[in-house]
Amino acid sequence: MGKWSTFTDGFVKNNPTFVLVLGMCPTLATTTSAVNGLEMGLATLFVLVLSNIVISLLAPVVPDKVHIPVYIVVIATFVTVLQFIMQAYTPDAYKTLGLFIPLIVVNCIVLGRAEAFANKHGVLESLLDGLGVGFGFTVSLTVIGIVREILGSGSVFGWKFISGDGILAFVMAPGAFLVLGYLMVLFNKYLKKS
Amino acid sequence: MEYIIIIVSAIFVNNIVLSQFLGICPFLGVSNKLSTATGMSGAVCFVITLATLVTYLLNQYLLVPFGLEFLQTIAFILVIAALVQMVEIVLKKISPSLYQALGIFLPLITTNCAVLGVAITVVTKEFTFGAESHMLNLGQAIVYALATSVGYGLAMVLFAGLREHLALNEVPKSFKGLPIALITVGILALAFLGFSGIV
Amino acid sequence: MVLCLTLVCLFCSAVLAVVYAITADPIKAAEQKALVESISQVLPSGGELSDVATAEFGGQKFDYYISTANGAPAAYAVKSSTIGFGGPLTLMVGVLPDGTVYNTSVLSHSETPGLGAKCNTDAKFMDQWKGLGADKVIKVTKDGGDIDAITASTITSRAYSLAVSNAVAFVKSIVKAEED
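Protein chains in written order, with the working numbering: chain A, 1 to 194; chain B, 1 to 199; chain C, 1 to 180.
None of these hints come from the bench; they were simulated from the model.
Glycine included, each C-beta is placed from N, C-alpha and C at the ideal position.
One or more of the hints may lead you astray.
Unchecked claim - Pairwise CB distance ranges, derived in the manner of DEER restraints:
1. B:Leu-168 <-> C:Gly-144: 56 to 64 Å
2. A:Lys-3 <-> B:Gly-177: 29 to 37 Å
3. B:Gln-85 <-> A:Pro-60: 20 to 28 Å
4. B:Gly-139 <-> A:Leu-191: 48 to 56 Å
5. A:Lys-189 <-> B:Leu-98: 39 to 47 Å
6. A:Ala-116 <-> C:Cys-9: 18 to 26 Å
7. B:Ile-5 <-> A:Phe-157: 34 to 42 Å
Isolated chain A (complex conformation) (with noise of 0.2 Å):
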């Protein structure tokens, strides 16, 4: 049980996005269709995972007072193999997400994980914690980019069933910030329990 909620936090408890408000710059920028939510989400659930592992493994090894130039050499090492990957085998993601998939380096959530979960846990459990925080992240940026993609475009997944145009705002900057907004306070009501 407590390995299982070790993945299931990160859904909902932990939500990077809803609740911790971590990582807002590709949550903001990159959702404006439901797909390219997807993709930055599964992009940073690589990193976290693999960072989560190697630094969980290190953790024990580095000397106290350099463990934050480590971690993020290692973050930025498993960034930049992801860039050749996604360049070399997913080129058109890797042409929309643009700025943002170098970006993860900074994201808050995977310094922020290894900081306060992988370096205290052992291999599995920072797997665990990677993947349920990896989804949540996902999720999260999934339902941010469907929201906006059906009041901006009238489309799902790219699947449009409103003929014509939609409110350009939402897939503008100003929806991005406004339909994280609305979401949270929904979030705040029905699903957080205080």
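Could you slot chains B and C onto chain A? The hints should help.
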């Protein structure tokens, strides 16, 4: 002329927070009070400009000649982290008063994606000037970095001012804290959308 | 302490170098595939594709590919760049030797999502370029041409039509040069 385009575009049209979504975490985190917002803006301004200068030179004279562009992300973040540490130490020695004003914000800046974002943008993106586009030269890169951080400061101070007023108002329980703040930024971003098209 | 940091950095750089070496070929292949696809999209099928050639025309450099059928050039694919609303807009334009546009496709753009970015997805907008060029002016209706601009994206549409007409003028000039 190109410098004017860069400045206007970076501060208003492509405002780093309100249209590029960079540096949102500290933007939301320290904008509760006008005074902290000003301090953070000053620190960011300082670090972004310095970091862009160093990473631009590093990229131009070390990474590109040796075909090591694939180390860009990792090299840039290390440079920024080291730079922030150095700025902290130097400030402490040279200007204790400035250190007191900016000091507590400095460690936070390493993970401010605005810094890495600007550094990467400058060396990878072509900029548009009227009917042509090209990469920025060193002088333009510095001006871009400076203007971007002024835009960051502008958004931050505007938002902190709004938030100080918000704190005094009654809002429904589920809207308290961040949700209402995000909706406020949304409206602010809507206002900045009006600048699009002027350059 | 320093030793540890150095070791980690060295190790990570080594890992990156290895991954870089492994993925270098697939990355090149993916780029090549995208290029070939964009070319074949804008040219009539069949015909043998030449390697890339570069020539200057009107102060601008153009990369182009010639598709040869039965020993004569059957069509040209021209990479043509202009400035759109958000930044450079690069198209691949297929042009027949008489200066008619066969088809166009977008290689890269940085237009606003939901507005100018439709130049890459809106079939109605993209279809109207076919068959233009031989004698008609390529311009949006606002400027006295026949192209219906994307709603609320005149700048993007103008940039698109400029890129297409540049490509047509370029092809006409190289065809003429070959005839002379």
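These are the hints, each one checked on the structure:
1. In this structure the hint that Leu-168 of chain B and Gly-144 of chain C lie 56 to 64 Å apart at CB holds, the actual value being about 57 Å.
2. The hint said 29 to 37 Å for the Cβ distance between Lys-3 of chain A and Gly-177 of chain B, and at roughly 32 Å that hint holds.
3. Between Gln-85 of chain B and Pro-60 of chain A the C-beta distance comes to about 25 Å, which sits within the given range of 20 to 28 Å.
4. Between Gly-139 of chain B and Leu-191 of chain A the Cβ separation comes to about 51 Å, which falls inside the hinted range of 48 to 56 Å.
5. Distance hint for Lys-189 of chain A and Leu-98 of chain B: a CB-CB separation of about 45 Å, consistent with the stated range 39 to 47 Å.
6. A hinted range of 18 to 26 Å holds for the C-beta pair Ala-116 of chain A and Cys-9 of chain C, which are about 24 Å apart.
7. Distance hint check: the CB atoms of Ile-5 of chain B and Phe-157 of chain A are about 38 Å apart, consistent with the given range 34 to 42 Å.
Hint check: no violations occur; every hint is consistent with the structure.
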